[in-house]
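Please work from the sequences and hints to get the whole structure.
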Amino acid sequence: MTVTSNSSGGSSPAPVPEDLITVTIDGFQLRVPKGTLLIRAAELLGIQIPRFCDHPLLDPVAACRQCLVEIPDMGNGRGMPKPQPSCAITVMEGMVVNTQLTSAVADKAQRGIMEFLLINHPLDCPVCDKGGECPLQNQAMSNGQGETQFVDVKRTFPKPVSLSTEVLLDRERCIQCTRCTRFAAEIAGDPLIELMERGAQEQIGIAEGEPFDSYFSGNTVQICPVGALTGAAYRFRSRPFDLVSTPSICEHCAGGCAQRTDHRRGKVTRRLAGDDPQVNEEWNCDKGRWAFTYATQSDRLSRPLVRDEDSRALEFASWPEAIGMAAQGLAAARGNVGVLVGGRLTYEDAYAYAKFARVALNTNDVDARAREHSDEEAAFLAARVAGRPVDVDFTAVEKAPTVLLAGLDPEDESASAFLRLRKGMRKRGLKVYSLASHSALGLTKTKGTLVPTVPGDEGRTLNSLDVEHPEIVEAMGQEGAVILVGERLAAVPGALTAAVALSERTGARLSWIPRRAGERGAVDAGALPNLLPGGRPVADASARAEVARAWNVGSLPSGPGRDTDAIIAAAAAGELDALVIAGLELDDLPDPEAARAALARVPFIVSLELRASDVTDRADVVLPVAAVAEKSGTFVNWEGRHRPFGEALKVPGALSDLRVLSAIANEMDVHLGLPDAAGAYRELLELGPWAGDRPVGPAVRPVVPPEPGPGRALLSTWKQLLGTGRMEDGEPYLAGTARKARAYLSKTTADEVGVLDGGSLRVTGPLGTVTVPAVVTDIADRVVWLPANAHGCDIRRDLGATAGQTVELAAPTTNGRQQ
Amino acid sequence: MSENNDNGTTETEQSVFTDEVVTRLAQDAKEIISRYPKPRSALLPLLHLVQAEEGHVSKDGMRFCADQLDITLAEVNAVATFYTMYRRRPGGDYQVGVCTNTLCAVMGGDEIFSSLKEHLDLANGETTEDGKVTLEHVECNAACDFAPVVMVNWEFFDDQTPATAKQMVDDLRLGKDVVPTRGPKSLCTWKQASRVLAGFDDGRAGEGVQAAGPSLAGLNLARERGWEAPDPNNLPTPIDQGEEGAK
Amino acid sequence: MTTLTPILSKNWDRPDSFTIDGYQSTGGYDALRKALTMEPDSIVDLVKEAGLRGRGGAGFPTGMKWGFLPKDNPNPRYLVVNADESEPGTCKDIPLMLANPHVLVEGVAIAAYAIKSSQAFIYVRGEVLHVVRRLRQAVADAYEAGLLGKDVLGKGFDLDVVVHAGAGAYICGEETALLDSLEGYKGQPRLKPPFPAVAGLYASPTVVNNVESIASVPGIVANGAEWFTSMGTEKSAGFGFFSLSGHVTNPGQYEAPLGITLRELLDMAGGVRAGHELKFWTPGGSSTPIFTEEHLDVPLDFESVGAAGSMLGTRALQIFDETTCVVRAVGRWIAFYAHESCGKCTPCREGNYWMVQVLDRLERGEGTEADIDKLLDICDNLLGRAFCALGDGATSPVMSSIKYFRQEYVDHFEKGGCPFDHSRSTIWADRPTSAAGGNR
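Residue numbers (the numbering used here), protein chains in the order written: chain A, 3 to 821; chain B, 6 to 252; chain C, 11 to 450.
A portion of the hints provided could be inaccurate.
[What the hints assert, rightly or not] Cβ pair distances, simulated, as ranges:
1) A:Gly479 with B:Glu36: 41 to 51 angstroms
2) B:Asn129 with C:Gly427: 17 to 27 angstroms
3) B:Glu25 with C:Asp40: 44 to 54 angstroms
4) A:Gly738 with B:Gly211: 30 to 40 angstroms
5) C:Asp40 with B:Glu36: 31 to 41 angstroms
Please keep in mind that the hints were generated in silico from the structure rather than gathered at the bench. The beta carbon of each residue, even a glycine, is placed where N, CA and C say it ideally should be.
If you want it as structure tokens, here you go:
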């Protein structure tokens, strides 16, 4: 609404000195930027004005009236006749304000409001989850009075009400501050909760049959200033004053959200969003908040396992025995070992693998990409990502005039970035364009414009924007415009090449947002076949020499490394003598079946893992490693920002990957020189980024996607935020809020296969068939979108297909209306 | 998409929002939406519209509104439960609302309401078994000079007594003609009234009186006493004596 | 002596007063014809000069409100008529729109022209079906006659008017709540600033005016500012409806210059009903502190009523005689405020919820002296603390009734119940035959 014309163009990035104005609060003068709210100005003086509806990241509503102050002078010599809500009044030059500390009127007003709030509030603090950290409880003590005049009948409701499987509502505790509904409507864009009814009957509610299944619903629990909203998983579990809190960084995606991990007696009880204005502000997604029980499942590995030579079964072994076996096997295979690590490692652990591969195994066959990848992507990462400082950051996304998305659905794949896009849209008129098969929910919530793109056609579409969408190209030329590409583009030949080209010809900044928390760190740490730490190209002799010097070794392997696909292929061909696999699910690989078959042909496999998996099942040595909460380290988020965190839980015997690798190396008589994460980080810091020439970027031409015949369709797909991931295990309440499996297809396609909107659709791929509800929508003919990871529709496992492949569509044979 | 296939809801009755009804109402909705610069403005009329179809605002009705405006069901629900003219559950063909705000209550509204409750054996908000009359008390309906006032389907029944009100509800239940004091020549049903509120005229604006009794009290007195507004062509010279100076 | 000045009501005794023909035959739409020959700004100036103040209760100068629209805002401008008449006791706009909807439509056309708006809305409360019909018909007929729509009267002025029926919420009489409601949301008041003049309907510059204010505009345009100021007082110019209701011999609408007194009006209306005497009255609806006999000579203009401790409000003169229990009257009003509180702000939502229970207890004779003080304290915590005027309004009857009739509250609990026979208050109580009231 308030966006000014973009024609000025040259808005200089240099910070404009803010207009400071003088205000007097409780007799103290201070200067604050124009536009500052009174309540914030008072905070700067350390004056806490009580408040409930106020939240610094929500639009002011002045509804609860708790923050009333007296304003004897508005700055124009005239006073306000009535006390004013300090959460909604911006300071004016010369304004004089008296808070409860100096004004009897303000104090009486606040006490009166507090009394009103308490007349209908139950006295159940002793059994309320919020007790001990409750703004109402605390402020009733600080700004209320001990006695109430209320002797009448309180509102009561049956309790609790489920707003979703995860969020519960105790209605009588609610003080109608609307923080939750405003969060849902403003921040998340999910107005699924509302204040129903009117007046004293007003209460938070959902519509019947439409639960509060927002990816961000947990934030409402956190910002609820009373105990009205609680999380099902934490309800009645502990008292806040019994918990130990450790600042942490979320391990679920590449956003690097600040969190707080609360634990008691060695067990994580809950996680909260941390406050980091530059990254996640004060929000997180429900996965980050609630998906932490994966580390305490019954299949968690606690002791090393080695395969018994006779029985061929895995048997418990001592650490020295297991380390010894691993070292022996790997030493024997030295020079012909592949190292596959998932994208979930910390920066330091990834570095340990990168170094271990080169130093201990003498190979560049190391890759952290347990997903679709390509040489084009490797070249892209080397040229544009690895070892680069922070360029496009969250703030740049929020402040961009235009953001173009390709191969990325931020709501599903980078939730905190999605919130910034929404904020930019709401506050600054940010315009979003997205190359995708259809307008997904997240795109509509950012009021974005779809650039309809058949899966696999992203490269060609990007290359032809000048002709087909000159307005986008023009928008990309604006100061601050940003192109965000997702990891999915690696699977589309020519797409990353085209994105780089678009960035270069328009001046728009380009940033790569992978999904997993360890992806960017692995790139920077050199856990890629073509890269050494700091973006140093393996192929560059001086780069190798630089690293060799730092590592105190004579030389590094110079032969080009094999990527994940090539390592699997080599394994399948019986060419590998050993594999080191860490933090990797075979189902994450492009072809899980081929990977399984390949593993069967590898003579010796060492697995470093948290929980039993189909990798550990095949391994010869299984070495348990510490979960994120049990170690310290750093995630490098998609911005390139380092997000260090400390160990929350001290678990004796829980070793990080780095320490296990060091032990193996020691046994191999190779000294990694990495005593702990801090040491690894120091070493990386000393190495610094590559100062030499960058390899040229990728140069791949797009290929024309196949044109499926009747009854067939190109598969469009990505992973939804919540789904079948193993890191969501053990959290049924969270799983209940996941988006259900469904297929999007066009009216024409639906007619062609004889499926009705809302009816069932059978989709068949190489491995099998899924049957899901069909949703007719605006999507290209003969394209079908399916979630990649929904319960009942895991496309790799159930279909054996990936994005851009052709699948078969059919109406269910029995009865089109069932299911 | 698929608004009428109930999926495991507890409602036992078949929804009135069949495909055919939805198609018809979607046309009406389109017309309503077209009156406004922004579609969301159509929500109140749309809720009147679905009430005109079903007699009350059900979840299906709200779903229809949500679909027309592309907003969430919760957003519709919040609005539907905020305003008192939307019935939450089925009611009678005639909604008899007795004003019990202070002035009408004092003038006899309380007695009218309690006598109707007794006469019909209904509590506030309940409907007679024949489905004809829903009884409720209402707030001030801007006819205080006609107190005590009863509204039937939001038509004025002025200057009521317990006797006239009982007679009226009896007549309604017997299907006899009941004529509002200031309104059309006969009462329309609740659903028809809701449709008018949705913005679809029933062609009855010309029926009934232009004004009645108390509305004309001042005018009649002025006529009687020859009082008129000042003549613009012959304005009196500045007057400040008059009522103001005199205490 | 003040005399009545039938202006908006002058044609109400014509059976066809609500038709376009009936209206035009008494000079209707001549003012629009004249207005369209004038510069829009000069009409704004004229209304300023006339000193017309908002007739919806607050009395804000109408012309000034029009003048607040920013000149440089590129968004469309909207005119919204507040026809959500719901304040207890207020009953002027409804008969006006029923009998003479065209004077409102004409006023809308002139006002929209003056503020350079081409889209107007009439937000009428939904609970008045026949008024909705009449308004719609009037608007349709005006379109038909070329008085609305494209190129009004061939003068190049376009105006669309939409009649929008509300759905039952007193709070929508508050102008920003009305705008939210008109946008399809719950009617809850908005934070100000920005004021509607800057960011109103759809965040565009918007004028919201009461029905009677807008209906007064054609007369001003036709007859001039001087004509208007020849009525009323210096600061409360012009005329308005005085709506007498309750225990008065001839209740109804009395159109008179501002500044007339209740004594004069009661004289015209035949006095308090025979055999009874005035006990208390509201000058402008339930949200204005009550007056008693001692205020009979207070000039009913904005300043004088304010100086006497109340507000002119909507000139809704509800007359209660000595048979009326003030505790019952106030309790019922508070029940109304509790029912109509939108729930947005704490003091109004909780304060009214609380006062209902205290007043109930007092009325039943189960209260205490402390309850009376408690009511005053609740009012102290509510008055001036609420988000909008609804909360403030609720304190008016409570505080003023305790001020004038504290002993009556005490009597209730001293006697252990209400000392009044409510049947004596009914309209039929003194009627010779008890046929009507025979039920109790």
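Here is what the structure says about each hint:
| no. | hint | result |
| --- | --- | --- |
| 1 | A:Gly479 with B:Glu36: 41 to 51 angstroms | holds, 43 angstroms |
| 2 | B:Asn129 with C:Gly427: 17 to 27 angstroms | holds, 23 angstroms |
| 3 | B:Glu25 with C:Asp40: 44 to 54 angstroms | holds, 50 angstroms |
| 4 | A:Gly738 with B:Gly211: 30 to 40 angstroms | violated, 58 angstroms |
| 5 | C:Asp40 with B:Glu36: 31 to 41 angstroms | holds, 34 angstroms |
Checked against the numbered hints above, the structure breaks only hint 4 and satisfies the rest.
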